[in-house]
Structures are given as C-alpha cells and as structure tokens.
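K.L.:
Could you build the full structure based on these sequences and the hints that come with them?
Residue numbers for the sequence shown follow my numbering, so the first one is 79 and each next one is one higher.
Just so you know, the hints here were simulated from the structure itself, not pulled from any lab data.
Any given hint could be a false lead.
What the hints assert, rightly or not - Simulated restraints on C-beta separations: (1) A254 with E121: 32 to 42 Å; (2) L226 with P303: 31 to 41 Å; (3) E152 with A254: 32 to 42 Å; (4) T99 with D260: 46 to 56 Å; (5) G208 with A253: 26 to 36 Å; (6) G208 with G296: 12 to 22 Å; (7) Q104 with R155: 12 to 22 Å; (8) A231 with R164: 16 to 26 Å; (9) G296 with L185: 13 to 23 Å; (10) A151 with V269: 36 to 46 Å; (11) A231 with A261: 29 to 39 Å.
For each residue, glycine too, the CB sits at the ideal point set by N, CA and C.
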Amino acid sequence: MDEPAIGTRGDAAAPLRLSGTVQRLQRTVELLNPGGRHGGRVEFAVYRFDLDRRRLALYVPLAPAGPATPPLAEGDRVELLAQRYRDNARGDAQRAEGGAVVALRNLEDGAAYACHSAFRWLAMDIAPVGYTPRMLRASLWWTLALSLLACAAIPGFGFAIGASTPWQRTLADVAALVGLIDAAIWLPVAVLQLRWRLGRPTRRQRYTEQAYVALGFGSPLDPAPGLIEL
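P.N.:
Written as structure tokens, this is what we have:
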C-alpha cells in the first residue's frame with residue numbers, strides 16, 4: 079500500500095502509509111546533530127530497508143534510551159508511516175531514501191514504535207514532535223535532580239574552602255539563579271503542553287496526533303499500552 083496517510087493535499091508534506099515485508103535490511107550507527115542547535119551529538123542505530131519499492135530509514139536511539147532488542151529483522155511484516163525528507167536539506171545518505179519512518183508496527187511480534195528523538199534534527203517539511211509528554215516528564219525529573227544537586231554542591235564547596243560569604247546567602251543566590259534558568263527552559267514548554275491539552279495544538283503536535291491515530295497508537299497525550307517511544 080502506498081498512499082498519503084494524513085491530510086488531503088497530497089503534497090510532499092503528507093506522510094505515506096506503507097505495508098509489506100522488510101527486505102535488504104542494513105544497520106549502521108550514526109551521529110546526528112554535529113554542532114546543531116540542540117547541543118551535543120546523539121548516536122542512533124539506523125535501520126535501512128526496502129519496503130514496497132521504497133528505501134526507508136528507521137532511527138532508533140542507542141541504549142539506554144532505545145529498546146533492548148532490535149525492532150526489525152529481515153523478512154518481518156510491518157505497517158508504517160514514513161515522512162519524506164526536505165529536498166533542499168538531504169544528506170548524501172538520504173538521497174536514495176524514500177523517507178524516515180514516523181511510526182511502525184511489527185506484525186511479527188505486535189511491537190509498536192513511535193519515532194520522535196531523531197526528528198529533533200532531521201530536516202523534514204513536517205515531522206512529529208521531538209519530545210512526547212512522557213519524554214518531557216523524564217527530562218523534567220532529571221532537570222530537578224541536577225538543580226537540587228547544584229543547590230547543594232556549590233554552597234557546600236564554598237563552606238569547605240572557607241569562603242567568607244555565609245553559606246545561607248550563597249544557597250539563596252544559587253537557588254535563585256537555578257530557578258531562573260529552569261523557568262526560562264520549562265515555562266515555554268509548559269505553555270505549549272497546556273495549549274495542546276486544551277485542544278490548541280501546534281502544527282507538529284497535530285501531525286503527531288494524526289500519526290498516532292493512523293496506526294492505532296492512541297494519542298501522544300494518552301498513548302496505547304506497550305507503545306515504545308523512540
């Protein structure tokens with residue numbers, strides 16, 4: 079099957095819904111975002127394969143962020159959504175590909191995968207959100223833990239070296255600075271998430287919702303049980 083899966087315009091921004099048997103499967107490890115706007119480089123296992131006369135790529139974060147077992151094997155029967163790359167931003171490895179996998183269901187074992195992390199960096203006309211609400215919650219906990227560690231470590235270091243400033247004042251100054259940094263990072267995120275939950279999604283959030291519905295994955299705000307977010 080080879081047809082637009084979302085929207086009615088039939089343009090290059092509409093993903094394709096494909097199904098068939100995985101053929102000519104190849105796995106490589108690649109770094110995304112060297113010097114990009116999101117900071118450090120991230121390693122992905124990239125599964126390239128033929129499906130329904132197209133060459134596709136599935137980007138999977140390496141463990142511990144990714145799944146423990148490979149999502150694909152040669153000969154697996156799958157159904158998926160794939161999004162074309164933006165023509166003017168393709169790399170050499172992407173020129174021969176039909177697009178990147180957005181969502182995939184492996185019919186051999188029933189495993190379901192929704193792709194997000196790679197779309198923080200891949201050049202697409204439209205793509206799913208780079209962070210799901212579940213991913214954001216995990217990131218928030220890490221941010222809070224690091225913030226508390228900073229609030230404890232810096233005054234403790236000052237006390238250990240005998241700094242003249244009282245540790246209580248140092249703690250207050252550090253806590254205020256950390257709070258401002260956290261607010262600058264998370265307030266815009268919170269506003270976008272709130273708008274989404276109130277039924278006012280951005281274009282990418284709406285695209286993500288439609289991709290989930292197309293393969294029966296529930297909603298990004300309430301994903302189906304067992305869904306693996308990559």
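K.L.:
Which of the numbered hints are not met once you compare them with the structure shown?
P.N.:
As far as the earlier hints go, 3, 8 and 11 are violated by this structure, in ascending order.
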